[in-house]
Amino acid sequence: MTDGNGDRRRGLDGPAPEERPTPTGRRNEQGIRIDPAVEATHEPRRTVISTLVEHEPGVLSDVSGLFSRRQFNIESLTVGPTTDEDRARITLVVEEPDPGIDQIKKQLRKLVPVISVRELESDAMRRELALVKIDADEPAQVSAVADMYDGKTVDSCPETATIEITGSRQKIDAAIETFEQFGIREIDRTGTTALARGIQSTAAPASTTESTATEASQPQNQYAPADDD
Amino acid sequence: MSERATSVSPPEEQHDDQNQDQNQDAQQPQGDAETDEFSAPSAETQAEPVTTGAESVVRALENAGVEYAFGVQGGAIMPIYDALYDSEIQHVTMAHEQGAAHAADAYGIVSGEPGVCLATSGPGATNLVTGIADADMDSDPMLALTGQVPTELVGNDAFQETDTTGVTTPVTKDNTFAADPDGVGTDVSEAFALAREGRPGPTLVDLPKDVTNAETDAEPDAPETPDTYEFTEEADPEIVAAAAEQIKTANRPVMLLGGGVIKGEASETCREFAIEHEIPVVTTMPAIGAFPEDHELAMEMAGMHGTGYANMAITHCDTMVAVGTRFDDRLTGGIETFAPDAEIIHVDIDPAEISKNIHADYPLVGDADTVVSQLAHAVENSPQATKWRAQCQQWKSDYSMAYDVPSEQSADEPSTSSKIPEDEPVRPEFVVEALDEATSDRAVVTTGVGQHQMWACQYWTFTEPRTWVSSHGLGAMGYGLPAAIGARLAADDDQEVVCIDGDGSFLMTLQGLSVAVRENLDITVAVLNNEYIGMVRQWQDAFFEGRHSASEYGWTPEFDTIAEAFGATGFRIDTYDEVADTIAAALSEDGPSVIDVHIDPQANVYPMVPSGGDNGQFALAEDQL
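Protein sequence lines, in the order shown, are assigned to chains A and B.
Heads up, the first sequence is in the UniProt record's numbering, so the first residue is 1 and it goes up one at a time.
Heads up, the second sequence is in the UniProt record's numbering, so the first residue is 1 and it goes up one at a time.
Check the hints yourself; a few may be wrong.
As the list claims (entries may be wrong) - Partial pick of chain B residues on the chain A-facing surface, computed with a CB cut under 7 angstroms:
hint	residue
1	167
2	169
3	174
4	231
5	308
6	352
7	357
8	398
9	613
10	617
11	624
Treat the hints as calculated values from the structure; they're not laboratory data.
We treat Cβ as the ideally placed atom computed from N, Cα and C, and that holds for glycine.
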């Protein structure tokens, strides 16, 4: 192109950006309209999402792949069989602002092998398990601390003792902190397992699948121990 | 859409003739020809009973009404191809699996039914991935069938083994590893149904060679989605009523149509609604053609390279009726400045799209056509928006897309082009308009990705749905030519198929010319050749101080000569006075033709909203960026 034609090809005619009217409103990063003066964003919160899935190969990678692809913040994932051998339950602990939690639930529901998705209430039963292998130089004191946390000694030798602790995440954190005084050699912890309390089904309420009824009729949900948390 | 969404009644097991009859009876009340095709086809067509897994797979495709399949042969998929040998399904042998996937994708866009592509294991499957990802981003219905090494070798790093379901999980709506010869046909039926029902998308079935080779007499079930797959047709009537109230009281309403309008066959309903209530209409790129661009209410495409008036309209509206759109970043620009004064009524069949990017004040989950009809019933009075409509018209004149042409030239009258000086480089916009003028209203346009794609969006006047075929979300260069092949087979004979390509995009998949020549497909490829990866060059000029790193070819092959070598007809355009005649000659060829159009290499695409920018502050020239 010749220089003389430079202007012609540079673009289109019309009022320049600064000559145009601009709206006064704004949206926050979650796409919600806000008053610019009182900008508020949702704070992340931790919650438990319980999903019932078809027990088939690939479903776990579908779920975990979804979390990594969409950058959802996941704290733990636990998977296990249910009363129906064709179904598995995946329990997820996530930490996201409310719109993110909403997206997680919707995206999980879109996966074809996912049968139901439910965010559990804050009073739901939640348990984790930890195995803590400790130096056993002071066996009596180790045993005393284990008792404090309802721990159980599952293995011991002259050098080490391994304690099993179950309970809420906070309780296990506290136990581990206390055991640190003896010297911790190794720890293995599970993610959170969780069920809704009382006669409620942990599978999604008002789900249209038969599985809801199956799950609800299981005695496990009618048994409400009053411990922990 | 609604008839497609209503799947056929649950299939009975088809063990014997008696059962097949019952099955047919059970489906009679459905009553339309399409459904009947699905039921007991072996009885109707007197097809032989299946004897192998592969035959069951092909039977599943036949039952679903598949007419064409696009693919490439290979070791692990051979049993399927052997079964296809006896089938009525026409197989188009592609030059590369990426082309097979794009052709199937385009077939799905134009026909509305899932396009089918096939590839062998390993490299065959991985070559499909770009096309599958493209279909996933654009929610195009597509079924991919891949060969796999025999089950006993899976996991052993066998020859041409790839974990295909693992590789494609993030880019498919659903995928399946077929492990059982008795179930493999039904796996394919189910995948076909999943590809088109609800929000469409690509599905894949991975077919181990021992499974397809195995003996089975299991006929596939009818194409139905699995029980765990659900979607909603009708939106919550209370929210519909509230949304209707919002529309009635709006002063600055806009309809934003997305690709879901076309997928959901809702174009007609949306047109009627907008025209009845005189609401200006903006489209996203995939929705081009959903609303006639020559209509007074048409504000055309919004977003990064949308029209200035469309971007003004979505920025200043107080009520937005958004249908079948996922509020992609190329549309919204920066979230904080997107339609900041607007109450958003969001219609989508996928609940996960509601409030994903833009908060929906009125979330309406359901089928686009059904929900817009619900809204149409609920809105009795049109919004009072005379002033707003006048404002929109004013913007249309303020931010006209008219481009400068040499003084003797009128953009409206290409016939006067003989007066243009010969050394005057041809403007790409002019070529797009000349192609549009030389073809019918129902001509199908496919494109690659880049500047040429944007000029095609901006300067072709689309009036019909399913005539715009492009790679929107993924932005896959090389899409245009294989898409033209798929579109040609899906389109009616009286629809011209024009591929507007770029030199960079064309170079990525031009081996597809061999397919177009072999199949004698009547397509016209116009390569807008500026010897650049033009969009990158434009961005380098704007944002990288003109440092043209790896964007300059400085030389391209003679595309007209290449076309001739393939056996297609080649043309070349260098000057304005060649444009009209050469286009006419290329279009009149009864087979593939390629026009190498040497355009102004410095031409840029405007308007432009830089990534994350404010739509209302679109630049009309580089110095405004």
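Checked hints:
1. For the restraint placing residue 167 of chain B at the interface with chain A, the shortest Cβ-Cβ distance is roughly 11 angstroms, beyond the 7 angstroms limit, so the hint is violated.
2. Checking residue 169 of chain B against chain A: minimum C-beta separation of about 6 angstroms stays under 7 angstroms; hint holds.
3. Hint status for residue 174 of chain B: holds, given a least beta-carbon distance of 4 angstroms to chain A, under 7 angstroms.
4. Restraint check, residue 231 of chain B versus chain A: the minimum CB separation of about 10 angstroms is more than 7 angstroms; hint violated.
5. The criterion of a C-beta within 7 angstroms of any C-beta in chain A is met by residue 308 of chain B, whose closest approach is roughly 6 angstroms, and the hint holds.
6. For residue 352 of chain B, the interface hint holds, since its Cβ comes within 7 angstroms of a Cβ in chain A; the closest pair sits about 4 angstroms apart.
7. Checking residue 357 of chain B against chain A: minimum C-beta separation of about 5 angstroms stays under 7 angstroms; hint holds.
8. Annotation: residue 398 of chain B was flagged as interfacial toward chain A, and the flag holds, the nearest CB pair being 5 angstroms apart, inside 7 angstroms.
9. Checking residue 613 of chain B against chain A: minimum C-beta separation of about 10 angstroms lies over 7 angstroms; hint violated.
10. Because the smallest distance between the Cβ of residue 617 of chain B and any Cβ of chain A comes to about 4 angstroms, under 7 angstroms, the interface hint for this residue holds.
11. Interface restraint check: residue 624 of chain B against chain A, minimum CB-CB distance 6 angstroms, threshold 7 angstroms, status holds.
Going down the numbered hints, you'll see the structure goes against 1, 4, 9, while the others check out.
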